[in-house]
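Trainee: Single-letter residue listing:
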Amino acid sequence: MSPLDIQALLDLADQQVEVSRQIEKRKTSLLGRTQINLFFEPSTRTQSSFEIAGKRLGADVMNMAVASSSVKKGETLIDTAATLNAMRPDIIVVRHHAAGAVHLLAQKVDCAVVNAGDGAHEHPTQALLDALTIRRNKGRIEGLIVAICGDILHSRVARSNMILLAAMGAQVRLVAPTNLLPPGIARLGFPTFTDMRKGLEDADIVMMLRLQRERMNGSFVPSVKEYFRFYGLDQEKLSYAKPDALVMHPGPMNRGVEISSDVADGAQSLIREQVEMGVAVRMAVLEALASHLPNG
Amino acid sequence: MAKSYFFAGAELIDPDTLKAGRGALLVRDGLIADIVWGQTPDKPSDADMIDCGGQVLSPGLIDMRAFIGEPGGPYRETLKSAGEAAAAGGVTTVVSMPDTSPALDDPAVIDFIVRRARDTSVVNILPAAALTKGLKGEEMAEIGRLKEAGAIMFTDGARSVTNAQVMRRALTYARDFDALIVHHVEDPNLVGQGVMNEGEFASRLGLPGIPREAETILLERDMRLVRLTGARYHAAMISCADSAEIVRAAKAKGLPVTCGISINHLSLNENDIGDYRTFLKLSPPLRHEDDRQAMIEALADGTIDVIVSDHNPQDVENKRLPFAEAADGAVGLETLLSAALRLVHSDRISLPKLLRALSTKPAEILGLPAGRLKVGAPADLILFDPDAPYVLDKRDLKSLSKNSPFDEARLEGQVTMTMVAGRIVFDRR
Numbered sequence: 100m101s102p103l104d105i106q107a108l109l110d111l112a113d114q115q116v117e118v119s120r121q122i123e124k125r126k127t128s129l130l131g132r133t134q135i136n137l138f139f140e141p142s143t144r145t146q147s148s149f150e151i152a153g154k155r156l157g158a159d160v161m162n163m164a165v166a167s168s169s170v171k172k173g174e175t176l177i178d179t180a181a182t183l184n185a186m187r188p189d190i191i192v193v194r195h196h197a198a199g200a201v202h203l204l205a206q207k208v209d210c211a212v213v214n215a216g217d218g219a220h221e222h223p224t225q226a227l228l229d230a231l232t233i234r235r236n237k238g239r240i241e242g243l244i245v246a247i248c249g250d251i252l253h254s255r256v257a258r259s260n261m262i263l264l265a266a267m268g269a270q271v272r273l274v275a276p277t278n279l280l281p282p283g284i285a286r287l288g289f290p291t292f293t294d295m296r297k298g299l300e301d302a303d304i305v306m307m308l309r310l311q312r313e314r315m316n317g318s319f320v321p322s323v324k325e326y327f328r329f330y331g332l333d334q335e336k337l338s339y340a341k342p343d344a345l346v347m348h349p350g351p352m353n354r355g356v357e358i359s360s361d362v363a364d365g366a367q368s369l370i371r372e373q374v375e376m377g378v379a380v381r382m383a384v385l386e387a388l389a390s391h392l393p394n395g
Numbered sequence: 005m006a007k008s009y010f011f012a013g014a015e016l017i018d019p020d021t022l023k024a025g026r027g028a029l030l031v032r033d034g035l036i037a038d039i040v041w042g043q044t045p046d047k048p049s050d051a052d053m054i055d056c057g058g059q060v061l062s063p064g065l066i067d068m069r070a071f072i073g074e075p076g077g078p079y080r081e082t083l084k085s086a087g088e089a090a091a092a093g094g095v096t097t098v099v100s101m102p103d104t105s106p107a108l109d110d111p112a113v114i115d116f117i118v119r120r121a122r123d124t125s126v127v128n129i130l131p132a133a134a135l136t137k138g139l140k141g142e143e144m145a146e147i148g149r150l151k152e153a154g155a156i157m158f159t160d161g162a163r164s165v166t167n168a169q170v171m172r173r174a175l176t177y178a179r180d181f182d183a184l185i186v187h188h189v190e191d192p193n194l195v196g197q198g199v200m201n202e203g204e205f206a207s208r209l210g211l212p213g214i215p216r217e218a219e220t221i222l223l224e225r226d227m228r229l230v231r232l233t234g235a236r237y238h239a240a241m242i243s244c245a246d247s248a249e250i251v252r253a254a255k256a257k258g259l260p261v262t263c264g265i266s267i268n269h270l271s272l273n274e275n276d277i278g279d280y281r282t283f284l285k286l287s288p289p290l291r292h293e294d295d296r297q298a299m300i301e302a303l304a305d306g307t308i309d310v311i312v313s314d315h316n317p318q319d320v321e322n323k324r325l326p327f328a329e330a331a332d333g334a335v336g337l338e339t340l341l342s343a344a345l346r347l348v349h350s351d352r353i354s355l356p357k358l359l360r361a362l363s364t365k366p367a368e369i370l371g372l373p374a375g376r377l378k379v380g381a382p383a384d385l386i387l388f389d390p391d392a393p394y395v396l397d398k399r400d401l402k403s404l405s406k407n408s409p410f411d412e413a414r415l416e417g418q419v420t421m422t423m424v425a426g427r428i429v430f431d432r433r
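So the protein lines, in turn, are chains R and F. For our numbering, count along the first sequence from 1 and bump the result up by 99. For our numbering, count along the second sequence from 1 and bump the result up by 4.
If you are wondering where the hints come from, they were derived from the structure by calculation, not from laboratory data. Only a predicted model underlies this, so the values are computations on that prediction, with no experimental measurement involved. Be aware that a few hints might be false.
Unchecked claim - Below, simulated DSS-like cross-link-like pairs (lysine-lysine); rule was C-alpha separation at most 27 Å, straight line:
(1) R/Lys324 x R/Lys237
(2) R/Lys297 x R/Lys324
(3) F/Lys151 x R/Lys297
(4) R/Lys324 x F/Lys151
(5) R/Lys124 x R/Lys154
(6) F/Lys357 x F/Lys257
(7) R/Lys171 x R/Lys124
(8) F/Lys137 x R/Lys324
(9) F/Lys140 x R/Lys324
(10) F/Lys406 x F/Lys84
(11) R/Lys237 x R/Lys154
(12) F/Lys398 x F/Lys84
(13) R/Lys336 x F/Lys151
As the list claims (entries may be wrong) - Coverage of chain R stretches by chain F, computed from C-beta distances (three or more under 8 Å per stretch; other residues unrestricted):
(14) 229 to 243
(15) 325 to 334
No residue lacks a Cβ here, since even glycine has one placed at the ideal position from N, Cα and C.
Isolated chain R (complex conformation):
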């Protein structure tokens, strides 16, 4: 997407925020459309966000419970796609644990496919909602210094944000122990920091990432205690960023691992607002897609 397309999508999302804040949260742009949420990985906020977004636009939303589906009986991804395709949905929203799986599925169906996160590859609507949150709070994205901190290696959120925010003119930095940085990442042109205080210097936005439990104990980093000591965001480390810096986290948070409670709940935190913007951005994405569907 070009920066202009992104701006247009964010403008549309701004309108959806107003819709969601009305008592009558109803639009008809997806009336009669069928939206299937196909989540191969458990998800609370993304799945419910897409469900609410679809319903507010008037779509018939169905959540495929993968855990009790034919997938568990050994059906391949392509067969599942073909089966669902035969039911003639208009939009399929997919979350999968393998990078590239959504792309593969999209080749096998006739309807629109929305990537709700594939492995450590991408999570585009998260990046859009982060951009929207930043733009609403800072009035712009261009020229801002954004420090993305934590488990960048395994993070699709980080990858999507790097692409989108850089496209919008932000200066994106990566802050993590080298074990949690993708090898060769420096060649993409993003400055990397292993010392968090240096990485946060003059930052406008501090974006924290979740550290998964299985990576905490001696494999990638020595321990939770050590990780928090050197890479957890607390008030002291946050003080190295600009005084009006804002803190973000895609959730779910590990309090006391990558972020302290007083920062997560503090005045600089945008974490709750990110969730609200998530619904608005997904409404904008679904509506934009619907307008390009056949008969749309």
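Position chain F against the provided structure of chain R, taking the given hints into account.
Mentor: Chain F alone, transformed into the frame defined by chain R:
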């Protein structure tokens, strides 16, 4: 106020610059305050005079590898007894290995060693922390917090990290904290049941052997991991000619690699095991005489950076056993200098170059200001007569354990006085 000392009539040796010659040296407030080469100037009125009588005055030795039984085995050695042994041997800084009980893998235990050493030892004892939790080679230890607590380097002591993934991640992580990783390169799977160098002599004795490849394969692997990660790496001890080749090649490529050797491997070979002498059961094992010769050359050409005592006190119960069942290790703090001087007396290396491997180089690797005769450097000094002959009697050893491979050996060169931070901690005069 600490005393000031004026060393007059000394043969000064600065192993940093390799400069040697007559001169005088002033110690004030625990530091080297002045150095005068040539004519001895007048003694400052506030300083105590020490007439060196032409003996060598040089920086104290820095030993990167000593096992101390505290906590967990105080009958083998305490921080206090190790300090006394070190002072008698001219060692002014000792790096203690994390192979204790509990292992030094927790910042609180490092803090304990730092305080306890400060309170009980007459020389500097700096703790090395475990590289992996419990020295198990599975999960990396808290390198950042341990370094903050005072860990000088990271190593699994007498154990090797066999899992390359664990080693890779530990090296990568250590690099972020500019921490030094020191590795004992001896693959336990290739060691197997082996108890001495593999070859003719082991076969004659009917003892299972340890191939050199137990060392070279891990060392070669580590060189590749260093290239991958860019971390600072020190091979604790190498013992064979092939290992010297590997390190030489790595250094030629510009890798941030250094290595050490134990004094035992420079002084002895597998034949010294003779009649199953368990005090010569070591890890890595004593090798062939050809290897020893190659090691001496590698030391002289700078491939080997440092000499360590590999001081490993073992009580009688662990050594008075059939060879294969005896514990590994030998004490070495008190004989380190005397044994190393054999290389000087046999014209294999100059005295300044030898002292460089025993003080300046380890100081550089560890990032310490000691190890050089320089105004402002800590007054960690030794005065010794490189030619004084004696026969080692193990009953004279200050170490709590007496397992010395040099018992009853004729040695040349003895420490007269040891000074740590401007304080005289050993004095034979």
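Trainee: Against each hint, give a clear statement of whether it holds in the structure.
Mentor: Verification of the supplied hints:
no.: 1; hint: R/Lys324 x R/Lys237; result: violated (33 Å)
no.: 2; hint: R/Lys297 x R/Lys324; result: holds (21 Å)
no.: 3; hint: F/Lys151 x R/Lys297; result: holds (19 Å)
no.: 4; hint: R/Lys324 x F/Lys151; result: holds (14 Å)
no.: 5; hint: R/Lys124 x R/Lys154; result: holds (9 Å)
no.: 6; hint: F/Lys357 x F/Lys257; result: holds (24 Å)
no.: 7; hint: R/Lys171 x R/Lys124; result: violated (36 Å)
no.: 8; hint: F/Lys137 x R/Lys324; result: holds (14 Å)
no.: 9; hint: F/Lys140 x R/Lys324; result: holds (20 Å)
no.: 10; hint: F/Lys406 x F/Lys84; result: holds (16 Å)
no.: 11; hint: R/Lys237 x R/Lys154; result: violated (30 Å)
no.: 12; hint: F/Lys398 x F/Lys84; result: holds (19 Å)
no.: 13; hint: R/Lys336 x F/Lys151; result: holds (20 Å)
no.: 14; hint: 229 to 243; result: violated (count 0)
no.: 15; hint: 325 to 334; result: holds (count 3)
Hints 1, 7, 11 and 14 from the earlier list are contradicted by this structure; the remaining hints agree with it.
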